[in-house]
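Peer 1: The primary structure of each chain is shown beneath.
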Amino acid sequence: MGGTVMNKTVTGNSFTKGNSMWRYTFIRLRRNYLAMAGLVVILLLALTAIFAERIAPYGYATQDYMMIRKPPSAKHLLGTDEFGRDVLSRLIYGSRVSLQVGFIAVSIALAAGGMIGAVAGYFGGKIDNLLMRIMDVQLAIPTILLAIVISSVLGPGLFNLMIAVGITAIPRFARLMRASVLSVKNTEFIEAARAMGASHTRVILLYILPNCMAPLIVQATINVANAILFAATLSFLGLGVQPPYPEWGGMLSAARPYLRSNAYLSVFPGLAIMITIVALNCVGDGLRDALDPKQKR
Amino acid sequence: MNDAQPLLDIRNLFVRFHTDTGVVHAVNGLNLSLRKGKSLGFVGETGAGKTTTALAALQLIQSPPGEMTGEILFQGRDVMKMTEPEKRAFRGGKIAMIFQDPMTSLNPIMTVEEQIMEMVELHSAVANTRERAREMLTLVGIRPERGKDYPHQLSGGMRQRVGIAIALACEPDLLIADEPTTALDVTIQAQVIDLIKKLQSSVRTSLLLITHDLGIVAEICDDVAIMYAGRLVETAGLRQLYKKPLHPYTQGLFDAVPRLDTDPGEKLAVIPGLTPDPTNLPEGCSFSPRCPHARHVCHERSCGMKEYEPGHFVDCHFPLDFSSGNRGDGK
Numbered sequence: 001m002g003g004t005v006m007n008k009t010v011t012g013n014s015f016t017k018g019n020s021m022w023r024y025t026f027i028r029l030r031r032n033y034l035a036m037a038g039l040v041v042i043l044l045l046a047l048t049a050i051f052a053e054r055i056a057p058y059g060y061a062t063q064d065y066m067m068i069r070k071p072p073s074a075k076h077l078l079g080t081d082e083f084g085r086d087v088l089s090r091l092i093y094g095s096r097v098s099l100q101v102g103f104i105a106v107s108i109a110l111a112a113g114g115m116i117g118a119v120a121g122y123f124g125g126k127i128d129n130l131l132m133r134i135m136d137v138q139l140a141i142p143t144i145l146l147a148i149v150i151s152s153v154l155g156p157g158l159f160n161l162m163i164a165v166g167i168t169a170i171p172r173f174a175r176l177m178r179a180s181v182l183s184v185k186n187t188e189f190i191e192a193a194r195a196m197g198a199s200h201t202r203v204i205l206l207y208i209l210p211n212c213m214a215p216l217i218v219q220a221t222i223n224v225a226n227a228i229l230f231a232a233t234l235s236f237l238g239l240g241v242q243p244p245y246p247e248w249g250g251m252l253s254a255a256r257p258y259l260r261s262n263a264y265l266s267v268f269p270g271l272a273i274m275i276t277i278v279a280l281n282c283v284g285d286g287l288r289d290a291l292d293p294k295q296k297r
Numbered sequence: 298m299n300d301a302q303p304l305l306d307i308r309n310l311f312v313r314f315h316t317d318t319g320v321v322h323a324v325n326g327l328n329l330s331l332r333k334g335k336s337l338g339f340v341g342e343t344g345a346g347k348t349t350t351a352l353a354a355l356q357l358i359q360s361p362p363g364e365m366t367g368e369i370l371f372q373g374r375d376v377m378k379m380t381e382p383e384k385r386a387f388r389g390g391k392i393a394m395i396f397q398d399p400m401t402s403l404n405p406i407m408t409v410e411e412q413i414m415e416m417v418e419l420h421s422a423v424a425n426t427r428e429r430a431r432e433m434l435t436l437v438g439i440r441p442e443r444g445k446d447y448p449h450q451l452s453g454g455m456r457q458r459v460g461i462a463i464a465l466a467c468e469p470d471l472l473i474a475d476e477p478t479t480a481l482d483v484t485i486q487a488q489v490i491d492l493i494k495k496l497q498s499s500v501r502t503s504l505l506l507i508t509h510d511l512g513i514v515a516e517i518c519d520d521v522a523i524m525y526a527g528r529l530v531e532t533a534g535l536r537q538l539y540k541k542p543l544h545p546y547t548q549g550l551f552d553a554v555p556r557l558d559t560d561p562g563e564k565l566a567v568i569p570g571l572t573p574d575p576t577n578l579p580e581g582c583s584f585s586p587r588c589p590h591a592r593h594v595c596h597e598r599s600c601g602m603k604e605y606e607p608g609h610f611v612d613c614h615f616p617l618d619f620s621s622g623n624r625g626d627g628k
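So the sequence lines, in the order shown, correspond to chains G and R. For the first sequence, position 228 matches number 228 in our numbering, and the numbering has no gaps at all. Just add 297 to the spot in the second sequence (first one is 1) and you have our numbering.
Hints in this document: simulated from the structure, not taken from any laboratory. Hints are all accurate, no fakes.
List of simulated lysine-lysine pairs, DSS-like, C-alpha gap at most 27 angstroms:
id, chain 1, residue 1, chain 2, residue 2
1, R, 384, G, 126
2, G, 185, R, 391
3, R, 384, G, 185
4, R, 391, R, 335
5, R, 564, R, 541
6, R, 391, R, 495
7, R, 603, R, 540
8, G, 185, R, 445
9, R, 335, R, 603
10, R, 391, R, 333
11, R, 494, R, 540
With the rest of the complex left out, here is chain G (with noise of 0.2 angstroms):
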C-alpha cells in the first residue's frame, strides 16, 4: 500500500492533546464567575448531605423539651422548632432528600423524556405524532394536579415523590430531545454513519444522541432546581417525605402557623430552598453558554 505522504518532522502541536468538547466547556465556564460560585454551593450541598451524621449538632428528631421554639443561640444555631428539635440539624438532613428528590426526579424525566423524544424524532411519522400527542395531552394538565394526583395515587414518601415529580417533567425533556434530534437527523454525518453500514440503534446511540446533548445538560440542570422545589411543594401540601423526617418544604408548612411568632423557623427552611436553586440556575446558565458554540473562540 502506498507511503507516506506528509513529512514527520513536527509531532504533536497544541491541537493534539486530549481535548474533547468536555474540557472546552469546562474552560469556557471557568471564566464565569456566577456558575463556579454555583457550582461550589451545589458541592458544598452535595458534601453537607453525603455526611450529614457528621456534621450536624444534633439527631433530626432529636427532641429537647427545655428548648421549644427558642431563637437561634449558641446551642441551637439556628434555633429549635415545636417539638424542640434542631433547625440546623434538620436542615443538613433535610438536604439528602432535596438533592435526591432533584437530581433522581430530573435523571428520570431524562431517560424517559430523552427516550421518547430521540424514537420520536428519528423514525418520524405516524410514531412521532402518536408520541407527540400523547406528550402534548400531558401538558395540558397542570403540573401540580398531575404531581398531586400521581403521588396520591402511588401513596405518600420519598421514592413516590421522585417518580412523580419526574414523570411532570418527561415532556418538557421529550419535546427538546425531539427538537435536537429533528436537527442533527437529516446532517450528512448521520447518512454517510448509514452507508458506512451502521445500525438504527447504533446510529440513535453513538451519532445521534450525544450530539443532542448539550440543550438536553442545560435543560436538566435548570430542571434539578424545579424539581426541589416541586418537592418542596408537594411535601408543604402533605403529599411528600413524611415526619419526621425533615424535608425543607414540609419544614416550611409547618412552620407556618408559627410566622408571626417564630418567623427564623419559615425563614430558614426558605433561605435553604432559595441558596439551593439560585446555585442551580447559575450553573444551568452558566453551561448554556459554555455549550453555545457560537461563542467558541
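Since the structure of chain G is already known, use the hints to place chain R on it.
Peer 2: Positioned in the frame of chain G, the structure of chain R alone reads:
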C-alpha cells in the same frame, strides 16, 4: 457488452419520491454498468439524480417517501433483495461512499481516529483497530498523531482525506465519490483527486465518481456516463466521448466549460432553459424542450439507448454527426 460480469449493474432503475406536491421522478429507467477495477465518471447537472442513484445502490433511499423499482446487481446479487443485516454488511464493506461536504460529513464529537475505527469495527476482523486507523491516516497523508483531533480542528482538505480514509479502511470493492471536491478550493481539489487516483490503484477498488466537473472526469475516469433528468443520455469510453460527444446535451456541457482562450468580456456559453421539474417531466425526450436540434419526433417519444460505435451509446434521435458536421438522419 463485456465478457466479464460487471461489478455493478443497474438495470431499469426507477426512483420516485411521493411528496405533498406530487410524485418526484428522480431516476427514470436508468441502466448503468461498471466494470471491475475501472472508474466511471457520472456527470450531470444538479438535480439530475446522480446522488439518488448512488444512494439507491447503497439502499439508503428512505422508504416511506421513496420508492425503488428495477434491479441493482452487485457482483451478481440483487441488493434490493438483501435482508437488512446483509445490507449493513454490504454498505461500507463492499461499497463505500465519500461525501460531498467534508464540513458536515464527519461526526463533530468523535475524534477522526475513532470514526475510522468505527468502520473497521463494523466490517473487518482486525484486532487492533486503532493501529489500522492510524495506518489509514498515514496513507491519506495525515500524521497519525492528528487522529486524536476532532473534525473541527482539521482543515477542509484534511477532513476530506479523513472521509477517504474512512471509506477505504475496509478496502471496498466499489468506492462512490459524491462530488468529493466540490466543497474544496482548486489546489486542494488537485491533491484530493491525486489521492483518490493513487489509492484507487493501490487498494484496487472500482470507482464511481459523481461530479459535474468534466476536467476531473478527464483526469481519473476510464468511462463516462452523462445523466439528464433521471436517465442516461450518453455513455462511452473517456476518449470517445471527449473526442466526439454525440448527444446535444453532452455537447452543451462541453461548450459550457470555460476556456482560457476565450476573449475577455465574451459571454460563457450556456444551455438555454432549466432542468425539467422532476414532478412533471416533458413528453418524449426529456431534453427536447432545451435542445437546439429537437424535431417533432423528439417531443413525442424518446429514442432509447443505441450503440453508434462500439462502446458508445447515445439516447438521441439525431445524434451530432461528428464526421460531416451535419446532423444524422435518425432513421
